[in-house]
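Peer 1: Numbered according to numbering that gives the first Met the number 0, the sequence shown spans residues 0 to 357.
What the hints contain is simulated information worked out from the structure, not anything from laboratory work.
Any given hint could turn out to be false.
[Stated by the list, open to error] Below 30 Å or equal to it, Euclidean Cα-Cα: the simulated DSS-like pairs (lysine-lysine) are:
| # | residue 1 | residue 2 |
| --- | --- | --- |
| 1 | K183 | K8 |
| 2 | K119 | K109 |
| 3 | K91 | K134 |
| 4 | K10 | K233 |
Here the structure is a predicted model, which means the values were calculated and not measured.
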Amino acid sequence: MVARKKDGKQKVVVAIDMGSTADHIAVNYLSENHVRPLFNSKAQYTQDRLQYERGAINACVNISDTGPAWIGDDLCASSVQLPVKFIISHGKGVMDDDNPLVAELRRHDKDQKFQNRCMKGMDMFMEALATEVQKLCGSKCRPLEIVEIGLSTPAHWSLDVEDRYRQIFHETFPRAARSKKDVKLCFISEIECIAHYTYDLIDLLVPEEGRWRFRLVCNEAAGQEGSLWLQREKLKPSSEEIVASHNVELKLEFYRSSNCFLVKPDEDLHFLHCGLGLEADGKFVALTEEFEESLKRRIDRRRKKNQSRGPNPGDANCRGKTPASPHKKRKRDRSTLRTCRRRCNGWEGQSRRDISAK
């Protein structure tokens, strides 16, 4: 039974992840603890999946030389396509000066007409997001109430950029999509999103006791494609010497230039990329001695809990010793039941033919 409010609305949390090419929306139904993606209803069956996953919302603003701005997958040879992400941050934190998208935005930095068209396109983008959210929440058969909206932000965004994003979101995201009352708005850095993604794989990340260090590495596989790796290194207890090193591939892929998506670390951002640990709530933190101790205690508790449950049938040591399947057990139960029925009717010891003759 799904828990609902007196007005019949089910509470949900909406998560919006804005990428440099596309935007993804996910809805968490709190009473079911289940997350479902929210697709772009206007373009789910027309996109070619060459740029991004089908059903995503194009997160770029198209600006021509003289005409108005527009959004969507339709392109024009005389227009420039700028990510909404760059418009919000003015390209701040992107250290690749050769990036043509950021260069175009900075070239028109003092062109007020160009900036106004950028803002107009961003309003249209926010309106497209709100339309999909409002369409979902306004369903008559399953009305929803948004209690919180989570927005992902790049790890290199400063607080002033987040404040700008918050202001733009409140001004452009229609109030109807945020329900009638104020909704909690929170920002989650992309590094925290990865932490939540990998939190269920804690045994994979930390397979045994010891001192571990993690690094996020953008691996360019071929051409303009890249993938994100979590480089795991085991260190000696009293030194920085690496005992073992392994790479864990995160199922995240980047298209175009990798520098458009993952900023190269510098001294100020180094703590975001090196020496990371996972907190209990799924956040990446600096790998301090206190955290290592708490992590050790957590692993010990999990190990004791697994031992109290007994051996896992999926383990290599228990293969071949699995109990009889429920299907076979049911067969034995049915046979016993038939025998009991025959005894009750005085049929014990008689053949099926004798029974039918009666």
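Peer 1: Determine for every hint whether it applies to the structure shown.
Peer 2: Against the structure, the hints come out as follows:
1. K183 <-> K8: holds (17 Å)
2. K119 <-> K109: holds (17 Å)
3. K91 <-> K134: violated (34 Å)
4. K10 <-> K233: violated (43 Å)
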